[in-house]
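S.K.: Required output: the full structure, derived from the provided sequences and hints.
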Amino acid sequence: MSAHNVSRALSAYAAVARSSLADALAWRADAFLGLVMGIVRVALALLLWTAVFDGRAEVGGMSLRMMASYYLIAVFIFQFNQSGLVASSLAAEIRAGLFSKYLARPVDPLAWFLAASAGRSAFQAVAAIVAALAAALACLALDASILAPLDPLGLLAAIPVVLMGMLALALVNFMTGILAFVFQDISSFQVGKDCVIEFLSGALIPVALLPARLRGILSATPFPALASLPADLMLGRGFGGYPGALVCLLLWDFILYLAARALYARLAPRYEEMGS
Amino acid sequence: MRAVKSLRCVIALIATRFARSASEAGSFWSGFIVDTLVFFIQAAVYWVIYLNVDDIGGWDKWHSIFFVGTFTLIDGLYMSFYFFGLLGVPEAISSGRLDLYLAKPFDPLLHLAFERFNPGSLFLSLPALGLVCTSVVALGMRPTPLEILGYLCAVFLMLILMFDLMVLIRVPAFRFKRISAFGVAEGALTEFSFRVPGSAYKGWLKILFRVILPYGLIAAFPTETFFGTASELVWASALGVTAAFTLFARLAWRWGIASYESAGG
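Chains as they are written, first to last, in the working numbering: chain H, 1 to 276; chain V, 1001 to 1265.
No wet-lab data here; the hints were simulated from the structure. Possibly wrong hints are sitting among the right ones.
Examples of chain H residues toward chain V, derived with CB under 10 Å [claimed, not checked]: (1) F189; (2) E198; (3) A259.
Which chain H residues face chain V? A few, computed with CB under 7 Å, are given here [stated by the list, open to error]: (4) M37; (5) I39; (6) V40; (7) V52; (8) G60; (9) L64; (10) C195; (11) F199; (12) I205; (13) L209; (14) L210.
A few chain V residues that don't get close to chain H, going by computed Cβ distances all over 10 Å [claimed, not checked]: (15) L1013; (16) T1016; (17) F1084; (18) H1111; (19) F1123; (20) V1155; (21) F1156; (22) M1166; (23) G1256; (24) S1262.
Quick reminder that beta carbons are idealized off the backbone N, C-alpha and C, glycines included.
M.R.: Structure below.
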């Protein structure tokens, strides 16, 4: 592929990402409600952990202050990735017989999916950061000691981790979406996948509370990069295995990319364009 | 008479869906496997919490396991009967598919709710009942038939309440084209009600999560009924809250139908 062709392809996918971003911007009421609900989610997590702490100074080596800060970061970072929604649309198009448009256009369906996910996730990330800051300010206004301070170095270190983690999740979501070539309804797969990933990422419960052996196994997967690892880094923890975590994420992204390509090559020939 | 007709139609929908599911073995078993997975994840959350604390709000491990079993039982039942149907309501409204249901001589809400009956989720009730029975044995309890009947009635009442809550979350689809944020809120509230034992609610939180947003009742009320801590007042408030939310859900749905423009999109 010549440099000119690469440049043309990149500009085409950038247009897809921009279109997806514009689409997300068009649904302002939904985006606003999404942010409000993100704050509600953090508030509910705090209520739960207040009940669990019930006067205890620490649970699993974390104080209530650290737990509150952890959830504020982890819940919002986990919301960045919107590739699940794009995968649902893709699955609906496959079932309705509308997938043909990707076959007729000079685009690669996986690259299109990643570009559309990037556009939508970019909007969501900006919105989630604004909502997290608003929630943090509200918490600090109520009680200045309720949140732990952020580590600026950890903040920078978290950026590549979040980006590579989101790519891994997008590839998993693509593979889930194209299961629509085989199954009438993939919603149960999506519910199961979301639930498992939420648990493994640490958005549901901090990974630090898990037994040491399980933490070791999880650190070899891309899931903590979606919530737990960036939250720990931003709170000044988890620098110990940082280089190893980056290498591990790179490897996972590569493996999942190959797996997504292989699964698409295997399932796409089953598409009959008939709809259902 | 109308209620009997609706019940017959619901049974017919479930029977049709059951027959269709049996012919789609892949989807049937995928539903079952995924639901079991969700159940294990939820149980794992409690396992992790109890690795780090001895009790939550005065409930020890076995009380909480009974609570998890109860929630999973309710979860399995509502996911079987109406969860996936109600999940499709916003799409039916935004696409104009609701027209088909309005034209039929059957309650459109019940039709939409029960047309996607998912028998795979019913199997989730088995591990849930296993958890409930295990915790009863571990606590050395010998429940009387009346206590078991009270528990089953409480579970049924909470299934009605869950139906109402799901409808109310989706009625805004008549006004807004996209309401995924409401779904996020619903997910957060359901998770919260699952993980916080009823005994942990104090003061205004009790009013908030047992009356205004009664997700806190869903698993806690049947659990309290079984352990004999649900007084007559608790029963009366659970009945009152369910009746009120059933009325709200019906009124909200009628309001939505009245403002429905059948435009599709």
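S.K.: So, for every hint listed, does it hold in this structure?
M.R.: Hints, verified against the model:
no.: 1; hint: F189; result: holds, 6 Å
no.: 2; hint: E198; result: holds, 8 Å
no.: 3; hint: A259; result: violated, 19 Å
no.: 4; hint: M37; result: holds, 4 Å
no.: 5; hint: I39; result: violated, 10 Å
no.: 6; hint: V40; result: holds, 6 Å
no.: 7; hint: V52; result: holds, 6 Å
no.: 8; hint: G60; result: holds, 4 Å
no.: 9; hint: L64; result: violated, 13 Å
no.: 10; hint: C195; result: holds, 5 Å
no.: 11; hint: F199; result: holds, 5 Å
no.: 12; hint: I205; result: holds, 5 Å
no.: 13; hint: L209; result: holds, 5 Å
no.: 14; hint: L210; result: holds, 6 Å
no.: 15; hint: L1013; result: holds, 16 Å
no.: 16; hint: T1016; result: holds, 15 Å
no.: 17; hint: F1084; result: violated, 7 Å
no.: 18; hint: H1111; result: holds, 18 Å
no.: 19; hint: F1123; result: holds, 12 Å
no.: 20; hint: V1155; result: holds, 22 Å
no.: 21; hint: F1156; result: holds, 24 Å
no.: 22; hint: M1166; result: holds, 15 Å
no.: 23; hint: G1256; result: holds, 16 Å
no.: 24; hint: S1262; result: holds, 20 Å
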